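Enquirer: Here is what each chain is made of, one letter per residue.
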Amino acid sequence: MQCDDLGPRMLDYLAGALSDDELSAIRAHLTQCETCRDEVDATAELWGELGAVTAPRPDSARMRARFDAALQGYIDGQSAPAARAGRLPLAWREQPWVQLAGAAAVLVVGVALGRFGTQPPPSNPEIAELRQELRDTRQMVTLSLLQQQSASERLKGVSSSSQIEQPGSEVVSALIETLRHDSNVNVRLASVDALRRFGGREGVRRDVVEALPQQESPLVQIALIDFLLEAEGPEAAGVLRRLADDMMLDKAVRDRAARGLRQVGL
Amino acid sequence: MTDEYLMRAVRDGDLTRLGVLFERHHRPLFDFLYRMTGDRGAAEDLVQDVFVRMLRYRATYRDDGRFETWMFRIARNARADHFRKQGAAVYVPEDGMDWESEAPGPARLLERARDMVRLKRALQALREDRRELIVLVRYQGMTHEQVGAILGVDAGTVKVRFHRAIKELRDAFTRVPEGE
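These protein sequences, in sequence, are chains A and B.
The opening position of the first sequence corresponds to residue 2 in my numbering, with each subsequent residue numbered one higher.
The opening position of the second sequence corresponds to residue 23 in my numbering, with each subsequent residue numbered one higher.
Just so you know, these hints were derived from the structure itself, not from any lab.
Predicted model, so just to flag it, every value in this text is computed and none were measured.
Watch out, some of these pointers could steer you wrong.
Stated by the list, open to error - Restraint ranges, calculated between C-beta atoms of paired labels, are given here: (1) A:256 / B:179: 24 to 34 Å; (2) B:179 / A:238: 38 to 48 Å; (3) A:249 / B:34: 33 to 43 Å; (4) A:39 / B:102: 14 to 24 Å; (5) B:179 / A:170: 19 to 29 Å; (6) B:84 / A:34: 28 to 38 Å; (7) A:170 / B:102: 40 to 50 Å; (8) A:204 / B:178: 38 to 48 Å; (9) B:36 / A:128: 28 to 38 Å; (10) B:35 / A:23: 26 to 36 Å.
What the hints assert, rightly or not - Partial chain A-side listing against chain B, Cβ under 7 Å, derived: (11) 38; (12) 43; (13) 68.
From the three backbone atoms N, C-alpha and C, an ideal C-beta is built for every residue, glycine too.
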């Protein structure tokens with residue numbers, strides 16, 4: 002293998018998605034070529050950091066209202082039977098997505114009334130109920146998406162989990178399962194990001210540490226190191242030391258673990 | 023029900039089924055368009071535009087077509103038209119304005135946040151086609167084959183272009199001054 006052959010395969014290498022033959026060829030090349038080793042290390046680090054560049058969440062309720070108006074206008078323009086009836090067909094309203102959007106819209110209206118009304122009610126059990134309903138629906142959507150065959154759907158599921166204010170343990174468990182077993186490296190990386198906000202929970206950190214040996218992708222290994230460092234749990238130092246000394250791991254992973262040890266003052 | 027089934031139903035006249043597709047796809051579509059435009063309002067408008075185009079051009083949806091591929095092709099066209107209308111496609115990234123604050127905040131996160139701002143700037147400094155590749159693979163979780171289907175090139179070409187894009191991003195990252 003030549004240096005030029007590595008570039009197009011690098012991401013597959015980092016994702017642990019190459020055949021054994023290709024993997025052996027790349028590893029053999031990396032033992033001889035310091036330039037390529039450095040490039041792999043730099044790419045792995047960049048790939049991990051890209052995951053932390055977030056985008057804002059869209060205002061789904063407002064967008065949905067605009068979309069509904071546009072759709073209805075289009076249907077009216079076409080003089081479709083459903084439009085003449087003045088309401089949407091039953092099948093449409095029975096969709097859980099529509100119910101979710103409806104709940105979100107009612108919530109937004111409720112919050113707006115509460116904020117801008119002349120006499121805002123001190124507490125509104127209906128809003129609390131709607132919030133709960135919205136959360137339950139989001140949880141259901143998240144769990145359902147995480148089971149899909151398509152990686153992009155599962156990625157949506159991971160992303161959807163971050164929109165749940167106080168997710169139940171089944172969502173956290175589903176994220177851990179995703180981290181352990183998902184076949185797609187980007188989905189696993191996203192699950193590490195989604196688990197960050199639970200880094201304060203000892204059980205989550207334990208699950209993450211247990212998931213580490215199952216990970217073959219250096220990208221995920223580095224993301225997990227970052228997770229442990231951010232979580233600042235007592236187990237981090239021991240895990241990082243093991244990783245830093247494990248000669249079977251990619252050099253970028255060992256270096257990241259060693260740097261992590263220095264970060265925590267060891 | 024699959025996306026493809028729903029889109030075929032829309033094409034064949036059951037327009038209300040597009041609402042299900044909107045719920046399923048407006049978030050990733052917004053994410054893609056936000057990362058490509060750097061403008062939240064423009065991204066929301068473009069999502070609407072994409073779904074209106076789906077209605078208008080629904081007859082062009084083929085039986086054997088993957089819905090997501092078709093949708094992203096429409097999204098790319100909508101974005102290109104948007105940039106044409108805007109004139110030169112230059113925008114100032116909204117540094118620091120849209121950071122999600124999900125992680126806890128120990129001191130070292132500050133350094134990380136600064137790096138993230140630099141990385142965001144480096145991404146925006148990339149050529150649009152390079153940035154698009156990174157966004158589709160890294161943030162939409164697409165394979166080289168899926169990206170190839172959207173761009174109309176083979177997976178091998180995507181791999182080579184993607185590698186180039188990553189290299190350019192690394193270079194751009196080192197050029198963005200630290201401490202901003």
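Enquirer: None of the hints should be skipped; say for each whether it holds.
Expert: Each hint tested on the structure:
1. Hint check: residue 256 of chain A to residue 179 of chain B, Cβ distance near 32 Å, so the stated range 24 to 34 Å holds.
2. As the Cβ distance of residue 179 of chain B to residue 238 of chain A is approximately 45 Å, the hint placing it in 38 to 48 Å holds.
3. Between residue 249 of chain A and residue 34 of chain B the C-beta distance comes to about 56 Å, which lies outside the given range of 33 to 43 Å.
4. Against the hinted window of 14 to 24 Å, the Cβ-Cβ separation of residue 39 of chain A and residue 102 of chain B comes to about 37 Å, which falls outside the hint.
5. In this structure the hint that residue 179 of chain B and residue 170 of chain A lie 19 to 29 Å apart at CB is violated, the actual value being about 45 Å.
6. Between residue 84 of chain B and residue 34 of chain A the C-beta distance comes to about 46 Å, which lies outside the given range of 28 to 38 Å.
7. Separated by about 45 Å at the C-beta atoms, residue 170 of chain A and residue 102 of chain B satisfy the suggested range of 40 to 50 Å.
8. For the pair residue 204 of chain A and residue 178 of chain B, the beta carbons lie near 44 Å from each other, so the given range of 38 to 48 Å is met.
9. Judged by the Cβ atoms, the range 28 to 38 Å given for residue 36 of chain B and residue 128 of chain A holds: they are separated by roughly 34 Å.
10. Judged by the Cβ atoms, the range 26 to 36 Å given for residue 35 of chain B and residue 23 of chain A is violated: they are separated by roughly 49 Å.
11. Because the closest C-beta pair between residue 38 of chain A and chain B is about 15 Å apart, greater than 7 Å, the hint is violated.
12. Given the 7 Å rule on beta carbons, the hint for residue 43 of chain A holds: about 6 Å separates it from the nearest Cβ of chain B.
13. Taken as an interface hint, residue 68 of chain A checks out: its beta carbon lies about 5 Å from the nearest beta carbon of chain B, inside 7 Å.
Hints 3, 4, 5, 6, 10, 11 from the earlier list are contradicted by this structure; the remaining hints agree with it.
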